[in-house]
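Position chain L relative to chain S; hints supplied.
Quick note, the sequences are listed as chains S and L, same order. My numbering numbers the first residue of the first sequence as 6 and each following residue consecutively. My numbering numbers the first residue of the second sequence as 332 and each following residue consecutively.
Keep in mind that the hints were calculated from the coordinates and are not lab data. Fair warning: there could be bad hints in the mix.
Stated by the list, open to error - What follows is a list of derived Cβ distance ranges for each label pair:
#: 1; chain 1: L; residue 1: 351; chain 2: S; residue 2: 60; range: 18 to 26 Å
#: 2; chain 1: L; residue 1: 427; chain 2: S; residue 2: 62; range: 17 to 25 Å
#: 3; chain 1: S; residue 1: 116; chain 2: L; residue 2: 430; range: 41 to 49 Å
#: 4; chain 1: L; residue 1: 332; chain 2: S; residue 2: 76; range: 33 to 41 Å
#: 5; chain 1: S; residue 1: 73; chain 2: L; residue 2: 428; range: 19 to 27 Å
#: 6; chain 1: L; residue 1: 401; chain 2: S; residue 2: 20; range: 29 to 37 Å
#: 7; chain 1: S; residue 1: 23; chain 2: L; residue 2: 351; range: 39 to 47 Å
#: 8; chain 1: L; residue 1: 353; chain 2: S; residue 2: 73; range: 33 to 41 Å
#: 9; chain 1: S; residue 1: 19; chain 2: L; residue 2: 410; range: 44 to 52 Å
Glycine included, each C-beta is placed from N, C-alpha and C at the ideal position.
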Amino acid sequence: GENVEQHPSTLSVQEGDSAVIKCTYSDSASNYFPWYKQELGKRPQLIIDIRSNVGEKKDQRIAVTLNKTAKHFSLHITETQPEDSAVYFCAASRGPGSARQLTFGSGTQLTVLP
Amino acid sequence: NAGVTQTPKFRVLKTGQSMTLLCAQDMNHEYMYWYRQDPGMGLRLIHYSVGEGTTAKGEVPDGYNVSRLKKQNFLLGLESAAPSQTSVYFCASRPDIPGADTQYFGPGTRLTVL
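Bound-form chain S, shown alone (with noise of 0.2 Å):
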């Protein structure tokens, strides 16, 4: 099955600076990639994503690039604001035949220091 590695494990950013979180998946095969952003005690929610047919995507501050070759993608956020202290997940996902199923990282602490 899938397997998908994050790092770092925690991340600490002055606000402002930018922060840049990778991840790693096994499966070739995977053509669907999100990234959620999860507060403490709050459930997980989408903030963007990407598939296998786009290299790179932006949505204002952050940015998610893909390396199909390498079987890596990136989180970039810039500029970064104390209410982007999160834990953030990457996940990778086949189908749709496979109901898109999604295989977690194991998650960054962010934490944006004031």
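Just chain L now, kept in the frame of chain S:
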């Protein structure tokens, strides 16, 4: 429109007791999923359903059973709870629409097995 709801929010069980977690969604979604979240391990898929009356095993199904008798409800059962099942349980749903791959999560149920 409540989205995805879960009951109960918290529960403490003794080893060997049984219980059922209820997930309900009012978005007419076909797909529903049960995950467990443990510290440092991200979310892992327990069981999922592609429609009313159907269920399938995910990554970690042992010790759990599920039922989807109504489209809007997905039940997760623990027949004989074990301390290893102490976790936070999240339900998610998504529609059966091409390209609509976002999974919407419920608020979670925190289960402790003593």
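Enumerated hints in conflict with the structure, sorted upward: 1, 3, 6
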